[in-house]
Amino acid sequence: MGAYVIRRLGYGAIVVFGVLFLLFILFFTVTSPDDIARKALGERVPPAVVEQWKINHGYDKPLFPAPGQWADNMLVEHYRRMLTFDFGRSDADDTPILERIRKGMGPSLALTIPLFVLSLLVAIPLALLVAFFRETYIDRAGVILAVLAMSVSVLLYIIGAQYLVGKVLHWFPISGFDSNPQVVVRFLALPIMIGVANGLGGDIRFYRTVFLEESNTDYVRTARAKGCGEVRIMSRHVFRNSLIPLLTRIVVAIPFLFTGSLLLESFFGIPGLGAITVDAIQGNDFSVLRTMVYIGSLLFVVGQILTDLSYALVDPRVRLE
Amino acid sequence: MESHLISNGIVLVMLFGTAATIWAVRRSRLWSSAFVSLWHRRRLALLVTAVYVGVALLDSVAWVGGDSLGGDTVSLHEARSVIDRVFGGSQEKSYSAPLATTEFYGGRGLRYPGGHWLGTDMIGRDVFYLTLKGARVALLIGGLTSLIAIPLALLFGISAGYFGGRIDDVVFFLMTTLASMPGLLLLIALIMVMGKSTLAVCVALAVTGWVGFCRVSRGETLKLRELEFVSAARALGVSEFQILTRHILPNLMHLVIITFVLMFSGLVLSEAILSWLGIGVDGSWGQMIDQARNELSRDPIVWWNIAASGAALFGLILAVNFVGDALRDVLDPRTVKDEK
Amino acid sequence: MTALLEVTELTTRFPMAGKEVPIVDALDFEVGRGEVLALVGESGSGKSMTALSLMRLVPKPGRVASGSVRLDGEELLNLPVRAMRRVRGAGVAMIFQEPMTSLNPVMRVGEQVVEAIRLHERVGRSAALDRCRRLFEQVGIPDAAERVHAYPHQLSGGLKQRVMIAMALSARPRLLIADEPTTALDVTVQAQILRLLRDIQEETDMSILLITHDLGIVNEIADRVAVLYAGRIVETAPRTALFENPMHPYTQGLLRSMPALALSGRRLPEIPGVVPSPSDWPTGCRFASRCSKVMAVCEGVLPEFRVQGPGHDVACYALQEAASRGEKKGVQQQEGAS
Amino acid sequence: MTTPLLRVQGLRTWFPIKAGVFRKTVGHVQAVTDVDLEIEAGSTLALVGESGCGKTTVGRSILGLTPSQSGRVEFEGADLRGLSQTAWRPYRRDLQIIFQDPMASLDPRMRVRDSVAEGMRSFGLGRDESERTERVQQLFERVQLDPDHIWRYPHEFSGGQRQRICIARALAVEPKLIVCDEAVSALDVSIQAQILNLLADLQSELGLAYLFITHDLGVVRYLADRVAVMYLGQIVESGPTASIFANPLHPYTRGLLKAVPSIDPHRRGGAPPVEGDVPSPSAPPSGCYFHTRCSDVMEQCRTQAPAVYGEGPQRARCFLADPSGAPR
Amino acid sequence: MNLKSIHSGARGLGWIALWALALLACNNNPYPATEGDEKVLYSSFREAPRSLDPAVAYDTGAHAITGSVYDTLLEYHYLKRPYELIPGLATNLPSQRPGDPGYTVYRFDLRPGMMYENDPAFALDEPGRTTREIVAADVAFELCRLADPAVNSPVVEPFSNIQGFQDFGQALTQRREDPAFADLPVQDQYASLGGISGVRSVGDHGLEVAVRSDYPQIQYWFAMPFTSPVPWEAVAFYDGQEGRPRFADHPVASGPYRLDQYDRQSRMVLEANPNWYGAMHPEWAAPGAVYPSEGAPGDLEAGLLAPEWVGQSLPFIDRVEFRREKESIPYFNKFLQGYYDAAGVIKESFDQVIDEGGLSEEMAEMGIRLEKGVEPTIFYIGFNLDDETVGRPGGGPARKLRQAMSLVVDSQEYTRIFTNGRGIPAQSPLPPGLFGYDDGYENPYRQVDLERARELMVEAGYPEGIDPATGKPLTLSFDTYDTSAQGMLQYRFFTDAWRQLGINVKVEATNYNQFQEKVRNGAYQIFMWGWVADYPDPENFLFLLWSDLARSKSGGPNTANFMDDRFDALYLSMKSRPNGPERQKEIREMRQILEVERPWIELFHREDYALFQGWLENVKPFGMSFPMTKYRDLDPAARASHREDWNQPVVWPIWVGLALVIVLIVPGVVTFMRERQ
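Protein chains in written order, with this note's numbering: chain A, 1 to 321; chain B, 1 to 340; chain C, 1 to 338; chain D, 1 to 328; chain E, 1 to 677.
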């Protein structure tokens with residue numbers, strides 16, 4: 001177990017190194033620092049200011065290590081800063097990125113955690129229900145509805161719901177955010193509903209397949225033969241075994257709760273990390289975008305490790321060796 | 001070379017390819033029976049898909065010449081597709097509702113009263129025409145990306161799965177690294193860095209999209225490699241290359257097709273999101289939805305633009321999803337075995 | 001006294017190639033109290049489906065189409081779902097061919113047995129666990145006290161099958177259906193399990209319906225044998241009668257083609273051809289196409305059962321023909337048997 | 001003394017078990033340990049054992065399909081062990097294999113004609129495709145299949161027919177030795193008899209040698225000239241079929257023979273001849289591997305590994321077989 | 001396990017119940033609680049200001065904050081038009097006297113006794129201190145900061161007219177090469193250089209600034225936050241180190257409001273500054289601290305001079321809440337729901353709001369008011385005159401080509417489609433309301449004339465648009481970094497027009513970096529740009545075409561690279577001339593040059609339609625980006641009652657939905673049960 005975790009972490013670290021290298025190639029060698037500086041400062045600034053800005057933001061060094069320059073170059077600097085979580089300041093507005101991330105995490109989590117939990121609470125029982133009624137018209141209708149739901153672009157969901165629920169029915173504010181607990185639910189209700197609805201089709205279909213796969217197994221037949229009822233079979237035998245494939249989908253998603261949702265946050269004006277990312281994209285803020293990709297990758301690697309470890313929890317056959 | 005000639009050439013190649021595929025499918029009982037049962041299960045979805053493909057093809061065959069369109073002199077010298085010639089050219093000045101005779105705002109008369117089945121957009125272009133044009137873009141995004149991603153994934157997946165060892169380590173590392181990066185962000189970063197063009201979007205989508213299928217094909221190859229017919233082939237002195245091409249690859253073909261279909265819908269949907277971020281492909285439905293987004297809040301509401309593009313997108317994805325579902329059932333060797 | 005299990009005209013159909021095909025076709029048989037009946041047949045003969053039909057566990061889209069299954073006189077086929085659930089496990093228990101997959105991989109084996117106990121009896125968890133331990137000892141699981149906490153993958157195939165048997169015994173069933181219980185096991189372990197089944201049967205006096213393709217196993221354990229071919233029973237006989245005097249051409253062929261009986265270097269007597277697929281079963285005798293004694297009448301209508309000896313019924317026109325030609329043959333056969 | 005067609009000496013195939021942070025090899029699954037075999041041309045050697053005893057690995061290692069660590073695999077005097085795939089190629093024609101699972105041993109996406117012709121193509125047998133097709137048809141007739149069916153796909157055949165196709169595929173390159181890896185185990189009794197007969201016919205006609213890997217002693221008795229019994233990766237007893245069946249030396253062989261259910265209605269087995277389960281091949285017991293289950297276990301069995309004893313054709317890896325007189 | 005699963009099930013149910021409760025308790029009010037007696041103004045922002053440093057902040061968004069937080073020496077009169085300067089922190093408008101040759105000295109006098117807002121930064125000055133008096137040296141300090149290259153102020157160019165301004169900046173750069181000097185606090189650096197030579201503080205409250213005589217426009221700059229007094233303590237203290245924010249994020253100022261909360265992602269809050277001179281010294285009745293008693297004609301009728309406000313102390317509103325609204329539609333909808341107090345008319349809702357140039361009935365019933373005004377702006381399409389095909393090197397034919405292209409772009413149609421007709425078709429760079437604007441002038445090349453344009457194409461050597469060099473339609477590129485769907489539609493409008501001439505203009509939409517790269521390399525042909533005036537003087541528009549500021553020459557804002565000697569001469573002469581017939585004549589001649597040369601295709605001057613809720617009082621649109629919040633007033637009670645009226649949730653769909661679910665599910669369950677028996 002211990003050895004496994006260490007090895008897994010080690011591999012994770014190698015992957016993170018790879019990710020960082022890719023980021024370096026993308027953001028430093030393909031885009032020149034001068035462009036970034038001019039974009040941030042405007043076109044009229046004298047070259048001296050650009051140089052100063054590049055020094056402030058750490059864009060002033062040679063790109064790659066060269067003899068005698070092994071440490072003092074952007075590649076090494078990039079690794080050093082990313083690995084020590086010293087993300088520096090935004091290219092666009094000079095704010096410290098780490099602080100922005102810290103501020104954005106709260107709203108993001110406020111959106112994603114209920115969204116995540118609610119998705120599971122809605123999709124899994126519905127999928128169990130559909131699987132329970134397999135080969136009946138509920139099942140068929142469920143599958144068709146799921147495919148229908150999957151075929152709608154998320155943009156349409158958001159636009160439609162904002163229009164209907166927000167503008168016509170006056171149920172919730174159309175958009176916005178306030179961390180005051182009194183009102184936060186008001187703002188989050190609609191994006192969460194849309195998020196759940198958007199994922200529901202795919203989730204139900206996936207979970208249903210898993211449940212059906214499990215309910216065709218021999219041990220389910222054994223359970224029936226010893227007199228188990230269908231509900232008990234579904235909840236005790238099928239569900240617990242389905243956890244193994246489900247975990248891959250679920251646990252990996254957990255770290256990404258931190259990074260929020262790009263679309264929901266920016267459409268609904270929730271100042272989370274997703275919105276920050278979209279701002280960075282639209283404002284060509286490379287340092288923020290770079291950091292977000294890095295954090296996303298880091299979280300993914302963590303999620304992978306968590307998934308692997310969680311297998312050991314639900315599946316006694318898995319010994320982490 | 002002129003781009004329309006390339007496009008015509010591609011259409012020609014595609015038609016030949018389709019003919020060849022049909023011929024091959026008809027020869028192979030395995031595939032033809034799969035197709036027959038697919039046809040029985042999803043006749044409507046297949047027909048709908050065929051209509052989309054047909055429109056896209058009609059929009060890809062283009063030539064120079066003919067009359068000018070509504071005073072647009074440049075168009076005389078440009079290659080215009082069949083769709084352009086039949087449906088294009090009825091330009092108005094601004095919005096008009098479906099089949100309206102006057103402009104939506106202000107009520108000025110139209111140049112083609114009642115001639116716009118789905119109305120016109122902000123600068124007076126016929127929405128039906130734009131919707132038809134979107135089919136080609138959607139298929140281009142889905143098709144081109146798959147054409148890049150799937151062979152790449154197969155190459156890496158098969159060699160990793162079959163040869164194992166160092167090759168597997170390298171491919172696996174590459175896969176994990178790419179998979180670790182948040183897909184959409186990587187996609188955006190790639191497009192921002194490569195510049196915005198259809199090819200750039202497709203390449204970026206392919207770079208982020210090949211990993212999933214690579215993993216699948218690697219896993220399947222690992223499984224196939226251990227199967228006895230591969231051992232038998234090796235015992236018969238068949239070379240590694242021939243084992244790969246004659247045994248492993250054909251046994252992955254069903255996955256290729258299923259992946260192609262399922263990937264397709266995902267790609268077209270992600271393009272819509274890219275369009276929202278302003279880095280989508282010109283003329284796509286995603287762009288139309290994005291343009292039309294604000295129109296929903298217009299008062300009186302302009303609904304036909306988003307309705308047309310949304311419905312076109314929905315229709316294609318739905319048909320493709322249904323076909324994909326059925327394909328999965330039809331081609332999955334497990335179900336094939338059950339039928340036996 | 002009536003038999004414990006009476007099966008009449010049991011038919012189970014599956015949709016196949018556009019029509020509903022009877023996989024199990026109008027089976028008639030009985031299992032007496034304390035009796036071990038072996039249902040023998042090759043793959044595709046419908047023997048497993050028969051077992052599942054009795055339990056009403058036929059997987060969709062198949063269904064039990066007609067017939068009657070009576071356990072202690074109680075008709076099972078139209079029992080309400082709830083009552084049927086009570087019969088499963090407590091009335092009829094079942095063990096399967098693959099002990100690897102038949103146990104829930106994520107539950108401790110003890111837990112699975114406890115579940116079976118508590119489904120049918122109101123007992124506390126610890127009491128049930130105690131009983132589970134005793135059952136484990138009874139089926140010869142060494143270190144039973146610890147093994148109840150093991151997961152299936154921690155046990156060998158033989159032990160898993162013992163757990164399955166313990167689970168089957170937990171609700172004290174009147175009938176145990178053992179569907180190929182040793183096929184997946186090694187010969188040495190198979191011998192252990194067969195011995196165990198025989199011992200348990202003797203101790204508890206429950207009836208066993210043994211489903212197998214291996215005539216050796218039949219000989220080890222069965223009291224009576226029913227031979228199944230293509231969804232139909234072709235011959236039923238007491239064990240010794242069947243082995244000494246098989247009457248149906250299929251049974252005869254089956255026994256003769258066993259390599260264990262053949263002398264080395266000689267050709268094995270083989271049954272030519274293959275078992276027809278259920279979708280194109282002939283209207284007449286289903287063995288007709290492979291039978292060495294085939295006659296014109298065989299291809300018309302299914303042959304009826306005729307009593308050929310004490311408890312020995314055979315469905316074959318050739319025998320009926322022989323019988324109608326005189327008793328001489330029967331005498332000769334009896335002589336040959338002695 | 002003539003060289004046998006195939007001679008295996010001291011073959012060892014172990015699979016490493018890796019663990020720890022740096023995936024160091026911490027042990028081995030000892031699938032095959034020091035196996036010696038000999039097969040004369042035109043004869044049949046049966047390799048018998050329970051599942052997991054390594055008999056399949058022996059077959060695959062002989063053919064170079066599974067890499068082995070040490071020993072010699074001499075075919076007509078040439079050592080094949082450890083050869084590269086290219087160096088192996090010339091011998092592939094002479095050594096063929098038939099697998100247990102007729103479902104998995106034919107490429108489901110390939111017409112059976114192509115599967116059968118594949119070996120011919122790779123060795124350049126036959127002038128062109130049509131000649132090969134003709135040859136495939138002949139082979140089909142030879143294995144009692146309808147030659148018109150060569151263009152079908154594997155799933156259109158029954159299990160027995162598929163096994164015939166596999167035989168045809170092996171025969172297509174005119175081998176001298178065929179490894180039959182549980183070739184009839186998955187078949188029904190009536191079909192099994194057909195295939196066994198076919199194999200016997202082919203042997204007498206073509207002078208083939210078989211390495212017959214099986215767990216079914218009935219089949220062994222019917223088919224084999226000589227038998228080798230494996231337990232936990234080792235050959236525990238070998239000898240002519242008749243003498244082994246008549247007078248097994250090793251307690252395991254004895255147990256195995258007794259465990260087979262008989263179909264004599266007047267003989268039912270008594271107590272199970274061998275108790276317990278097979279130990280794990282990654283941690284075999286000390287001393288004699290069989291001592292944990294042996295009814296005749298002695299003190300020295302627990303600590304000392306027995307050598308192969310016996311004079312003449314029948315030999316066993318057991319102290320009881322030691323003619324020098326083991327202490328009792 | 002069983003128990004556990006029941007528990008988790010129960011917990012799940014609990015969650016659902018919690019959410020259901022939350023939903024029932026919900027309404028669409030985006031604010032936590034009622035604001036009580038306080039007068040709170042609700043406003044919004046789209047993107048957080050990049051910087052709140054008054055020396056740097058230069059966009060409308062930032063001015064919404066800096067304009068309220070930083071007070072200036074001079075201000076604009078709230079009501080009077082044309083715009084009139086009034087004293088702010090200064091006691092009077094500056095007096096002028098001649099200085100060194102070519103320079104004029106402006107003298108300002110600050111009111112004594114004005115204090116900064118309370119801030120811990122002042123502890124640097126003297127421990128425990130939280131505020132101090134505003135002195136003239138603070139203005140001088142801020143002028144030094146403008147000159148400091150490290151501050152990177154965007155307005156260095158106009159301020160270079162101050163005597164010694166540039167020298168100061170250069171000297172600073174030079175001295176900073178010495179690390180010892182560079183490590184000094186900036187205020188010490190400035191002091192050791194003796195400040196800018198043309199800026200001198202006289203005592204605590206007098207300030208003299210020497211400016212080149214040909215730049216009288218400098219006065220307008222003293223009405224902008226660039227010249228606000230800035231305490232050196234704030235700059236020194238808020239350096240972004242040790243958890244302290246940067247000065248750019250933490251203003252320390254003297255205005256009517258102070259920044260109370262600043263969350264760039266979602267929220268900014270201003271609250272009335274108790275230290276403001278207007279609040280501390282109402283007895284002064286300073287012009288910038290009381291509501292004006294006279295206005296422009298019509299203001300009295302409009303109720304802007306009602307007795308309840310005239311002469312009253314400012315500000316009326318206690319707090320201003322800015323919420324982030326990235327998308328205009330939700331923002332506008334919230335305005336219609338009463339949650340914002342003011343809004344522009346978004347084009348999507350134009351037809352709902354505006355009826356024949358006035359407010360629609362529906363809006364009028366809601367009590368909403370509409371205010372219109374032309375902004376001092378110009379939007380134009382520019383040609384890169386360095387380009388061979390469309391520019392100077394192309395000589396006469398290229399000019400004809402530009403003329404032809406100008407002739408087919410229909411501004412009227414453009415504003416009708418894209419701005420709902422809000423905007424006046426531009427005939428020249430100068431917008432209405434500015435000196436030099438000529439109402440009767442019609443630019444002959446800005447009237448759509450397809451025939452004439454085609455003739456010009458023939459004359460330019462491109463008959464039917466065919467480029468003789470290739471035999472194909474002339475292909476030009478339109479460069480932009482706006483890739484939004486909306487942007488593409490606009491460009492499409494122009495390219496469609498040019499296609500009528502047979503010119504194939506391709507829109508090259510790239511990302512910002514690539515666009516800037518193109519501009520830097522001169523690799524662009526046609527672009528679209530807009531300009532919003534800093535101050536109401538024609539110079540502020542015409543300098544966009546001055547050759548000294550050409551992009552290719554100096555990186556200046558003359559992106560068209562227009563260089564014309566005659567135009568330059570006229571420009572320099574016009575710049576320093578006071579408004580009068582002479583100036584008018586020069587401007588007219590410059591217009592004449594532009595008319596023929598066509599460096600630009602002038603599109604339109606933006607017209608602002610602003611909507612205000614009925615409860616927001618004293619509203620007069622200002623045009624330029626100066627927040628006039630302190631003059632406004634509102635009625636919270638009216639707002640509360642309207643909000644309640646307008647936002648009753650519609651509940652019936654919930655019941656319909658529930659019924660639908662039941663109708664769908666029940667038959668399924670029934671069927672299933674039947675099948676099982």
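Accuracy of the hints is not assured; some may be wrong.
Cross-link-like lysine to aspartate or glutamate pairs, in silico, DMTMM-like; alpha carbons within 20 Å at most [to be verified]: (1) D:K18 with B:D282; (2) C:K60 with B:D329; (3) D:K18 with B:E78; (4) A:K167 with E:D260; (5) A:K103 with E:E177; (6) C:K19 with A:D34; (7) C:K60 with A:D308; (8) D:K24 with B:E78; (9) A:K167 with E:D410; (10) E:K472 with B:D329; (11) B:K93 with E:D439; (12) B:K223 with D:D216; (13) E:K506 with B:E295; (14) D:K24 with B:D169; (15) A:K167 with E:E644; (16) A:K103 with E:D548.
Treat the hints as calculated values from the structure; they're not laboratory data.
- Please work out if K60 of chain C and D329 of chain B have their alpha carbons no farther apart than 20 Å. With a Cα-Cα distance of about 17 Å, the restraint between K60 of chain C and D329 of chain B holds, given a limit of 20 Å.
- Taking 20 Å as the top limit, are the C-alpha atoms of K167 of chain A and D410 of chain E close enough? violated, 36 Å
- Query: Would the pair K93 of chain B and D439 of chain E pass a check requiring their Cα atoms to be no farther apart than 20 Å?
  - Reply: violated, 28 Å
- Would you mind confirming whether the straight-line C-alpha gap from K24 of chain D to D169 of chain B stays at or under 20 Å? holds, 17 Å
- Task: Starting from K223 of chain B, check that the Cα of D216 of chain D is at most 20 Å away, please.
- Result: With Cα atoms ~28 Å apart, K223 of chain B and D216 of chain D exceed 20 Å; violated.
- Task: Could you grab the alpha-carbon distance between K18 of chain D and E78 of chain B and see if it respects the 20 Å cut-off?
- Result: Judged against 20 Å, a Cα distance of about 66 Å means the pair is violated.
- Within 20 Å, alpha carbon to alpha carbon, are K60 of chain C and D308 of chain A? violated, 35 Å
- Item | Pair hint K24 of chain D and E78 of chain B, alpha-carbon separation not exceeding 20 Å | violated, 67 Å
- Item | Pair hint K18 of chain D and D282 of chain B, alpha-carbon separation not exceeding 20 Å | Violated - the C-alpha atoms of D282 of chain B and K18 of chain D are around 54 Å apart, more than 20 Å.
- Query: Taking 20 Å as the top limit, are the C-alpha atoms of K103 of chain A and D548 of chain E close enough?
  - Reply: violated, 46 Å
- Query: Within 20 Å, alpha carbon to alpha carbon, are K472 of chain E and D329 of chain B?
  - Reply: violated, 54 Å
- Quick one, are K167 of chain A and E644 of chain E close enough, alpha carbons at most 20 Å? holds, 15 Å
In the structure shown, a violation is registered for the earlier hints numbered 1, 3, 4, 5, 6, 7, 8, 9, 10, 11, 12, 13, 16, in ascending order.
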